[in-house]
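Protein chains in written order, with UniProt numbering: chain A, 1 to 335; chain B, 1 to 782.
These aren't lab readings, by the way, just hints derived from the structure by calculation. Honestly, I wouldn't trust all of these hints.
[To be verified] Example chain A residues on the side facing chain B (calculated, C-beta under 8 Å, incomplete):
1. MET258
2. LEU259
3. GLY260
4. VAL312
5. ILE317
6. GLN320
7. LEU322
8. PRO324
Here the structure is a predicted model, which is why all the values come from computation and not from measurement. Where a beta carbon is used, it is the ideal one built from N, C-alpha and C, also for glycine.
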Amino acid sequence: MENKTVTMAHGAGGKQTSELIDQVFKAHFANADLTADDAAVLTPPVGRMAVSTDGFIVSPAFFPGGNIGKLSICGTVNDLACMGAKPLYLTCAFVIEEGFPMEKLEEIASAMEKTAKEAGVHIVSGDTKVAGKGQVDGVFITTTGIGEIQDGVTVGGELAKPGDAIIVTGDIGRHGCTILLEREDFGIEADVTSDCAPLWGTVKAVMDTTHNLHVIRDATRGGVGTVLYEIAGQSNVGIRLNAAAVPVQPEVKGVCGMLGLEPLYLACEGRLVIMAPKEEAEDIVETLRKCPYSAEAAIIGEVIADEPGRVVMETEIGTQALLPQPGGELLPRIC
Amino acid sequence: MSEVTKRIRVYGIVQGVGFRPTVSRHAVSNGICGNVCNKGPYVEIYAQGSGAQVDGFLKDLEERPPKRAAILKINTEDIPAENAPQFGAFDIIESEKTKGEIFVSPDIAICDECKEEMYNSKDRRYLHPFINCTCCGPRMTILDSLPYDRERTSMKEFPMCPDCAEEYDDPKTRRYDAQPVCCNACGPEVYLIGRGERGRDAITYTRKVIHDGGIVAIKGIGGFHLCCDATNEETVSRLRMLKHRPAKPFAVMAKDETVVKRECIVTPEQEQILTGHQKPILLLDRRSNGGQTEKLAPSVAPGNPKVGVMLPYAPVQLLLFQYDDGIEMPDLLVMTSGNTSGAPICRDDEEAITELSHLCDAILSHNRKIRIRADDTVMDFYKNEPYMIRRSRGYAPLPFMTSTDWKGQVLAVGGELKNTFCIGVDSRFYPSPYVGDLEDLRTVKALQETIHRFQTLLEVEPQVVVCDLHPKYNSTVVAENLGFPVIQVQHHYAHVLSCMTENDCQEPVIGVSFDGTGYGTDETIWGGEILLADYQNFIRFGSITPFLQIGGDASAKEGWRIAVSMIYGYTKNREKAWEIIEKLGLCSEQESKVQFTMADRKINAVMSTSAGRLFDAVSAILGIRRQSSFEGEASTALQFAAEEFEQKGKLKGNEIWDNVQPVISELEERCLLNTEALVKQIVEAKLQGTDSGELAYLFHQTLAEQIVVACIEARKSSGRNKTALSGGVFQNRLLLHLTEERLGQEGFEVLCHHMIPPNDGGIAIGQAAYGMNRLQIAEKEI
Ligand SMILES: [Fe+3]
Ligand SMILES: [Mg+2]
Ligand SMILES: [Zn+2]
Ligand SMILES: [Zn+2]
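Generate coordinates for the entire structure from the input sequences, incorporating the hints supplied.
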C-alpha cells in the first residue's frame with residue numbers, strides 16, 4: 001500500500017477502502033467465517049447464546065502490555081466469558097482519524113489477530129469509517145461478540161451469597177495505572193504494564209474445576225472496588241475485604257501513594273472477580289494459579305449478610321474501613 | 001388554721017440525683033404532708049400544710065435542691081380544698097411513666113463521702129468497686145429507659161441485699177432511693193477475662209501487672225480503657241506500638257490533685273473542673289520542660305506542651321491507685337480509650353476480647369452492663385473558661401436550651417469525624433455522647449444503635465432528619481436509611497449555627513467558620529469561610545484564597561502536598577516552584593513533578609478553601625511538620641511553635657505584615673482573604689532565614705488580621721455587628737485569642753464556643769437548630 005497514513009479516501013467505500021480492508025484487516029483476520037458480504041452467515045451455537053458489545057477508546061492507543069486492538073478483543077471476550085460463555089464470533093467496527101499512521105493500524109490489527117486466535121474467537125464481520133482530523137482521537141473500535149453459554153453453570157451479579165469467598169485472579173489496578181502513567185507526564189519511571197488479557201481460558205479452567213460458582217465479573221472500568229459495590233448492590237449482601245490479601249504490585253502501590261489514589265478503583269483489563277462458596281475457593285485458586293493470567297490469584301475476602309450494599313475493608317491495624325462508594329468526583333472526606 | 005394544697009411539678013435533671021429524698025426531707029422539716037412521685041418527664045409533688053409551711057417548703061426546694069439536680073422550671077398549682085385529698089404523712093410513691101419532655105442525667109464521678117466510706121475498713125462497703133449514692137455513680141450509661149428506676153437500668157440484675165434495701169428505703173440515708181445502690185454482698189463484681197481471679201484477687205492482679213510495666217484493659221463507667229504506668233517510658237512506648245499510634249497524645253489519670261499540680265499548672269478555674277463531679281480530661285500546661293519533679297514518661301504526649309489529665313471517677317479507678325495489697329503503684333496512669341483504631345470504645349467482654357486482647361496483658365472487666373457508651377470528655381480552657389474539645393461523659397446528654405418558641409422533633413446525625421448526633425425537641429437540644437469517626441463500620445453501627453437508643457429514651461419520632469451536604473459521608477447514608485425526610489446542611493454553615501445555638505443567639509451574624517474540609521454548595525471543598533448566617537440561610541461572603549487540594553484523603557494527612565500545590569499555584573512555573581520546594585525540603589523532585597502534573601491536568605485535584613489545610617501547608621513550609629500521623633498534628637505543632645515564640649517575648653509590638661494586603665475582592669464574587677500572598681510572604685521570609693517560630697506567630701497574627709478585615713467588609717455590606725467563631729481551627733487558642741481581641745478592638749461583639757466543641761463534634765446541634773427552624777417555616781406555610 002502506498003499510503004503511509006489513513007486518508008478520507010480510505011473510508012469512501014471505493015478502491016482504497018477495499019485495499020485497506022484486504023491488506024490490513026483481511027490479511028490478519030482471515031478465517032472460514034469472515035465475510036466480505038454484507039453480513040456473516042453463521043451456524044448458531046447450541047443452547048443459549050450470549051451477546052455483548054463494547055466501544056473502545058483509549059488514550060494512548062498504544063501502551064506497555066498492549067494496544068487498543070488487543071483491548072477491543074479482550075474486553076468483549078471477557079464480557080462473554082464472565083457469563084460462562086465460550087466466545088465464538090466477533091464483529092468489529094473501526095472509526096479511524098484521518099492521518100492515522102498505516103503502520104500503527106497494522107499493528108493494531110495484528111494484535112487483534114493474535115488475541116482473537118488465543119481466545120478462540122472468529123472475527124466474522126467488520127466495518128471501517130474514516131473521520132476527519134480531530135473528530136476522533138486516533139482510532140475507536142467497537143466489537144460485538146457472540147458466545148455459547150456452557151451448560152451447568154449459572155453466574156450473575158445477583159447470585160452472591162453470604163459465605164461466598166471472593167477471589168481475584170491477579171494483582172489489581174495495573175491497566176489503569178499504566179494508562180495514567182502513559183497519558184500524563186508524571187516523569188515516574190515505574191515498570192508497570194497493562195494486565196490486558198483474554199480470559200476465556202481462565203474461566204473455562206475454573207468451570208472445569210467446579211460448577212459451584214455464583215459470580216464471575218471482569219473488573220474493568222472502576223476497578224475491583226466498583227465491581228464489588230455493584231455486586232453488593234445487586235445481590236443485597238455485604239462484602240468484607242482483607243486489605244493485606246489484595247494483590248497489588250509494589251510499583252502500582254507506589255504510584256497510587258504518590259497520586260493519592262486507591263488501587264481498588266483503578267481499571268483492570270485482565271482480572272476477574274469470582275465469588276463461590278467458601279469450600280470451593282481453595283480448589284479454584286489452585287486452578288487459577290496454573291493458568292497463564294492468574295498466577296497471582298488470591299482469596300481477598302468474603303460475602304457477608306451484614307451491611308448489605310456496602311464494602312468494608314479490614315486493614316492490618318484492625319480498622320474496618322467502609323470503602324467510599326464509587327462514582328462522582330474524588331473528594332477528600334477527612335476534615 | 002387554713003390548710004392549703006399545692007401540686008408542684010419540677011422539671012429538669014430530677015431523676016437519679018436524690019431528688020425525692022431531698023423533697024421528703026424538706027417536707028418533713030417544714031411539717032407538711034403529701035407525696036412525691038417521679039413521673040419521668042418531671043417530679044410531681046403534692047404539698048399540704050399551712051400557707052407558711054408550704055411556702056417554706058417551696059423556698060427550701062428552690063434554694064437547696066439536691067447537689068446534682070438541675071432544675072429548669074417549677075410549675076405550681078393550687079388544689080381547691082374540696083378536690084384535695086387528705087394526706088396523713090409525706091410519702092414517696094412509686095414512679096409512674098408519663099409522656100413529655102425528659103431529662104437524662106449524665107454519669108457522676110464518685111463523691112467524697114463514698115470515697116471515704118470505700119477506704120474505711122469498718123464500712124461494709126470497704127473497697128467496694130461499685131460504691132455509689134444519690135450524689136454519684138453511673139446514670140446514662142446504665143439506663144434502658146425512663147423513668148430512672150432500678151428495674152430500667154442494668155442494675156436490675158443485682159437484687160439488693162437486706163442492708164442495702166434498708167438504706168434505699170430510709171429517707172435519712174445517703175442512699176435513699178439511689179437506684180444503683182449496692183455493696184460487697186449484693187453488687188456487681190470485677191473479674192479478669194480468661195483467668196480465674198475475681199473481686200479482690202482480680203484487682204490485686206491488675207495492680208501487679210501495671211506495677212510490673214504491663215498493660216491492662218479496664219472496664220469503667222462508659223467503656224474500657226487501656227491502662228499502664230504513665231511514668232514508665234518503655235511501657236508507654238510499647239502501648240504506642242501495639243495501638244499503632246506513633247505520636248497522638250495519651251490521656252493520663254493522676255492519683256490526686258497534688259500529683260496533677262506536680263506535673264501541670266492548674267488555675268483555680270481549672271481546679272474546680274478537675275475536682276468537680278464530671279471529671280473530664282483537662283488539657284493542662286505542663287509545669288516546665290523536664291522539671292525535676294515531673295514523672296510523666298516522654299512518650300505520653302511527645303513534643304506537646306500540654307497533657308490531658310483527669311482524676312479517678314469510677315471507684316475501681318481509685319482502687320488502682322490505692323488498695324490494701326501492699327503494692328506500690330505509680331501515681332500517674334495512662335488511660336486511653338480501649339479500642340482498636342477506628343472502632344468505638346469497647347463496652348462489653350465480647351468486644352474487649354476481640355479488639356483488646358492483642359493490645360494488653362490482662363482485661364479487668366465487671367458484670368454491670370454498659371448500655372450507652374460514654375468516652376471521656378476532653379476540655380481545654382480559654383480565658384479561664386471551659387472550652388470543650390470533646391463533650392461526652394459527665395455532660396451528655398444534658399440539653400441546651402434556646403429562648404425560641406420552636407415546636408417539633410428533629411434528629412441531626414452530625415458530621416463524619418468525631419461524630420456526635422443531636423436530638424432536638426422544641427427549643428431543647430440534646431447532643432449525644434461522642435460516637436467517633438465514621439470511616440469505620442463499627443462506628444457507623446454504634447451511631448445507628450445509639451440513635452435508636454436515644455430515640456427510645458427521649459421518646460422522639462423525628463419529623464425531619466438533618467445531615468451534612470457531603471454526598472460520600474457515611475453519616476449521610478445513615479440519615480438516608482432512617483426512613484424520615486432528610487435535609488442537608490452545608491458543613492461550615494452548621495458550624496456557625498452550632499455556635500449561635502450554644503450562645504442562644506437569635507440575631508443574624510457574621511460567621512467565621514475556620515475548619516478542616518467540608519463539602520461546599522458549589523461542589524468544591526470549603527473550610528476557611530466568612531458566612532453571613534441566620535437560622536434560615538447563609539451567604540458565602542468570603543473565604544480564604546482557593547488552592548488546589550491534590551491527592552484526595554492523602555492531602556489531608558500530608559501538608560507538604562498542599563504546600564507544593566500552593567507554591568506551584570502562585571509561581572505558576574515548574575522551575576521556579578521546584579527551586580523553592582527543593583530549598584524548603586518539601587519533597588523529592590519526582591514527587592513535585594507528579595504534583596505539578598496532577599495540578600495541570602486536574603487529576604485527583606479539587607479546588608479548596610480549607611483553613612485546616614492552609615495550616616498544614618504552613619507547618620510544612622516552616623519545616624515544623626511535613627505530614628501528620630494524627631488529625632491536627634501539623635497544625636497544632638505550628639501553633640505550639642508560635643506560642644513558644646510568643647512566650648519568649650521577642651515580639652516587637654503589634655506587627656502586621658504591611659505588604660500583605662489583607663483582603664481582596666475583585667477576583668471573585670466574594671471577598672477573599674489574601675492567604676496566597678501570606679503564604680508567599682512566609683515562603684520568602686523562610687528562605688531568607690527567618691526563624692520558623694517567628695513566622696509561625698506572624699502567620700497566626702496576619703491570618704487573624706485578615707479575618708478581622710473581612711469581617712469589617714462583611715459589616716459594611718450587611719450591617720451586622722455580631723460575629724460567631726467556629727470550626728476545628730478555632731481549637732487553636734492563639735488564633736482564637738488574636739482574632740477575638742482584634743474583633744473586639746474593632747467594636748464587634750464576638751460569640752465563641754464554650755460547652756459545645758468548635759470542631760466537628762459540635763456541628764450536630766447546628767444542624768438540629770437548622771432543621772427545627774425549617775419545621776417552623778413549614779408549619780407557617782401550611
Ligand atoms: Fe468541620
Ligand atoms: Mg460490554
Ligand atoms: Zn457518693
Ligand atoms: Zn448490698
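Verification of the supplied hints:
1. MET258: holds (5 Å)
2. LEU259: holds (6 Å)
3. GLY260: holds (3 Å)
4. VAL312: holds (5 Å)
5. ILE317: holds (4 Å)
6. GLN320: holds (4 Å)
7. LEU322: Constraint on LEU322 of chain A satisfied, holds at 5 Å.
8. PRO324: holds (5 Å)
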